[in-house]
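Enquirer: Residues per chain, in single letters:
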Amino acid sequence: MIRQPTIVAFTLAFGLGFSLFMVKYDVQSLEEQLVKTERQAAADQDAIHVLNAEWSFLTQPERLAELADRHLALHPLTANQLGDFERLAARPERPDGPQIAAADKDTSDKNATERDVSVDSVLKAMQLADYRPDTGLRPGPAKHGGTQ
Amino acid sequence: MKAAPIDGDENPCRPRHFLPVATPSAALVPQTMALRLGRNRLVVTGSVFVCAFLAIGLRLAQVALLSKPDAALTHLVQPPAVKSTEYGRVDIVDRNGVVLATTLDSPSLFADPRKITDPADAARKIAHALPGTSEAELKAKLASEKSFVWLYRHLTPTQQYAVNSLGIPGVDFEREERRIYPQGPLAAHVVGYSGLDNKGLAGIERSFDAALEDEREPLQLSIDIRLQEILRQEMQKTVADFSAIGATGIVMDVRSGEILSLVSLPDFDPNDLNTAVPETIFNRATLGVYEMGSVFKIFNTALALNSHKSTLTSIYDTRPITIGRFTIHDYHPFNRPASVTEIFMESSNIGSARMVMENGPEVQRTFLDSLGLLHSPAIEIPEIGAPEVPHPWRDINAMTIAYGHGLAVSPIQTAIAASAIVDGGILRPATLIKHAEGYVPAGTRVISEETSSEMRKLMRLVVTEGTGKQAEVPGYLIGGKTGTADKVSAHGGYAKKSLLSSFIGVFPINDPQYMVYVIIDEPHGTKKSYGFATAGWTAAPAVARIVARMAPLFGIKPIEETPEIHRAITIDLPGASRQVAEID
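Protein chains in written order, with numbering that gives the first Met the number 0: chain A, 0 to 147; chain B, 0 to 583.
Hints in this document: simulated from the structure, not taken from any laboratory. All C-beta atoms, glycine included, are put in the ideal place defined by N, C-alpha and C. Worth double-checking, as some hints may not be accurate.
[To be verified] Straight-line alpha carbon distances no greater than 20 Å define the calculated SDA-like cross-link-like pairs of lysine to any residue that follow: (1) B:Lys556 <-> A:Gly82; (2) B:Lys486 <-> B:Lys468; (3) B:Lys468 <-> B:Val276; (4) B:Lys67 <-> A:Val22; (5) B:Lys556 <-> A:Ala78; (6) B:Lys236 <-> A:Gln80; (7) B:Lys236 <-> A:Asn79; (8) B:Lys556 <-> A:Lys35; (9) B:Lys468 <-> B:Ile558; (10) B:Lys556 <-> A:Gln44; (11) B:Lys236 <-> A:Lys35; (12) B:Lys556 <-> A:Val22; (13) A:Lys23 <-> B:Lys556; (14) A:Lys23 <-> B:Leu64; (15) B:Lys145 <-> B:Asp120; (16) B:Lys556 <-> A:Asp25; (17) A:Lys35 <-> A:Leu19; (18) B:Lys556 <-> A:Leu76; (19) B:Lys556 <-> A:Ala88; (20) B:Lys468 <-> A:Glu85.
[Claimed, not checked] Away from chain B, derived, C-beta distances all over 10 Å, residues of chain A: (21) His48; (22) Ala52; (23) Trp54; (24) Leu81.
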């Protein structure tokens, strides 16, 4: 006759042993995974290293110029293409001017408003980005009134 | 399991433990005592064990569950980390991080000749797979008695595949590293190159040899590869247009002293040193020393103005000066006395010589020394040419040096000195290594702020009215100075037909930021230049093209010449023989 504590002890021992092995195998597989991941990371780093060199080789300015010449209708930027908002002409007082009215009488007001809003939002964004807060271009409240 | 006591049972066959138990008697007492004693001992031993196991268990629980892992110990239990391939040498990158030099794996082929069964056959096969190798040489190597011979260093992947597929026993690959320069010849003279064993042999590769081996982070140069391409292209165009033998160009950030671009033509491909010859490897910008010609009038005029011996309106005699057998002439003779402004603008040698004599040779020498023109410049590449300084420094030397003859200096030191003249009169060290954004190194004052401002006005005048008109780019307010020097011929004396034409351009001249310095070695006049090979026709237009291309790249907006700016950069000469300040 086996006594109760013995049973408990044996069960505990087996249980603990089993879970110990489980944990051990878990750790082992995790370690394998870690090594694998690290190896992968190292391989990726090597690849990045080589790719960086290749990128530099493929983006030689001379080659890019040649490719742009062959495939794009773009030309190098020139000085007259650079400017700032100060050099823009002032916005007309009323956007629903004669040209727009002549082009489309019925929707001229609506068009004008939409266009106006988009220009306003661009200007606002530029001002928020601290782009010359004091240009003469900022649409004043009086001008704004005209669009509504 | 107690057997029933049977009195008088003497059966010998009865098992021993069925012996009738005697009724409790005095004889039985020791037995019970022994049992008790045994049990007690067991209990004591057992409890000791229980205590021990409990202690171990508690300690385990404490270690495993409650205490935090000890940082010093954790690394012991971690599996060894797999490291990425350690490249011996770090990359060299440009100011925007574009790789200029990197280290890549490249296998080398070696053989163990003792294992080669048929050297002749192996040599033939390998020579076929690796074009450029000699079969006889390979055969000699493979037939030798050694146990190790290099056959070919640094194979490309295709070559490796070709040799591998030959399947010759006894030959094998060794992983080696090789320096690769992805931008080819573009920055060759700055980056330099390294040899077969990755030892730096020239340029940054050499001067930073040890650092490149030790550092972990790439070395970032001040060079901008895009600008390098612009400069190189325009220099190549100029060399081709005027059938020159070479050229060099420097673009410098005037304020920080960073060299943004440095080109020396002809150049070489550091990936293919077999085709490089001394002429192409020679760095004209730093190693070459030249008599710079009239660009030296920048320093001469700065000295005259700074010492207050002359003002912009001082008038000098411009009749040719004769000293002994030597006569100083002018390229554009005035045939009348001229002011300092005119002398600078029209680049008068005679006027410059007269100006320097007001200060004398000793003052001139000290001044040029303070500009760093009399000793080797400090820049981070080993190819540095020492200036050729006359000794003794007599009056005649002073007069010729006034217009840039008789003292040979390298372009880089001329650029550094000129940047000091335009940048408020403070000489700052130049560098090929990128500075932090906005960092301005400390410098030493060489001329006053006022002289610097006057010099800028004079340099603007050269472009608007004088010899450098072709350097003008609308919107960029370039100021500059032309220089056309006669080169010393091989037989001694000056060769009239071989010139060194140069232009130092600075923009925007009202607040100098960039200097573009171009030197063309022995240009020849063309139909387009009406036969002229002088700086105004060769170097000045090249500078204009470079500025026009680089300004949009750097996001420099064209400047509208407002009245304030106009006043700041032009010279008002009331009562002068000619209203030179006229611009509009």
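Enquirer: Give a verdict on every hint.
Expert: Taking the hints in turn, this is what the structure says about them:
This hinted pair checks out: Lys556 of chain B and Gly82 of chain A have alpha carbons roughly 6 Å apart, not beyond 20 Å. Proximity of Lys486 of chain B to Lys468 of chain B is assessed by CA-CA distance (about 24 Å); at most 20 Å being required, the pair is judged violated. Restraint check for Lys468 of chain B and Val276 of chain B: not satisfied, since their Cα atoms lie roughly 37 Å apart, outside the 20 Å limit. For the suggested pair Lys67 of chain B and Val22 of chain A, the alpha carbons sit about 19 Å apart, so the restraint of at most 20 Å is met.
Annotation: proposed proximity of Lys556 of chain B to Ala78 of chain A holds, straight-line Cα distance about 7 Å (limit 20 Å). For the hint pairing Lys236 of chain B with Gln80 of chain A, the CA-to-CA distance comes to about 25 Å; that exceeds 20 Å, so the pair is violated. Restraint check for Lys236 of chain B and Asn79 of chain A: the C-alpha separation of about 24 Å exceeds 20 Å, so the hint is violated. Annotation: proposed proximity of Lys556 of chain B to Lys35 of chain A is violated, straight-line Cα distance about 53 Å (limit 20 Å).
Under the criterion of a C-alpha separation no larger than 20 Å, the hint pairing Lys468 of chain B with Ile558 of chain B is consistent with the structure, at around 18 Å. Note on Lys556 of chain B and Gln44 of chain A: the hinted pairing is violated, with a Cα-Cα distance of about 40 Å set against a maximum of 20 Å. As the CA atoms of Lys236 of chain B and Lys35 of chain A are separated by approximately 54 Å, the hinted pair breaks the 20 Å bound. Between Lys556 of chain B and Val22 of chain A the alpha-carbon distance is near 67 Å, which puts this suggested pair outside the 20 Å criterion.
Between the alpha carbons of Lys23 of chain A and Lys556 of chain B the distance comes to roughly 68 Å, so the proposed pair goes past 20 Å and is violated. A distance of roughly 16 Å separates the Cα atoms of Lys23 of chain A and Leu64 of chain B; the hinted pair therefore holds under the 20 Å criterion. Of the pairs offered as hints, the one joining Lys145 of chain B and Asp120 of chain B holds, with about 19 Å between alpha carbons and a cut-off of 20 Å not exceeded. Note on Lys556 of chain B and Asp25 of chain A: the hinted pairing is violated, with a Cα-Cα distance of about 64 Å set against a maximum of 20 Å.
Restraint check for Lys35 of chain A and Leu19 of chain A: not satisfied, since their Cα atoms lie roughly 24 Å apart, outside the 20 Å limit. A hinted pair counts as satisfied when its Cα atoms are at most 20 Å apart, and Lys556 of chain B with Leu76 of chain A qualifies at roughly 12 Å. For a cut-off of 20 Å, the pair hint linking Lys556 of chain B to Ala88 of chain A stands: about 18 Å separates their Cα positions. A C-alpha spacing of about 30 Å is found between Lys468 of chain B and Glu85 of chain A, which places the hinted pair above 20 Å, so the restraint is violated.
In this structure His48 of chain A is not separated from chain B by more than 10 Å, as the shortest Cβ-Cβ distance comes to only about 7 Å. With a cut of 10 Å on Cβ distances, Ala52 of chain A falls inside the contact zone with chain B, its closest approach being about 5 Å. Under the 10 Å C-beta cut-off, the non-interface status given to Trp54 of chain A relative to chain B is violated; the minimum distance is some 8 Å. Non-interface status of Leu81 of chain A relative to chain B is broken: a Cβ of that chain comes within 10 Å, the nearest being about 5 Å off.
The structure fails hints 2, 3, 6, 7, 8, 10, 11, 12, 13, 16, 17, 20, 21, 22, 23 and 24 (numbered hints given earlier, in ascending order).
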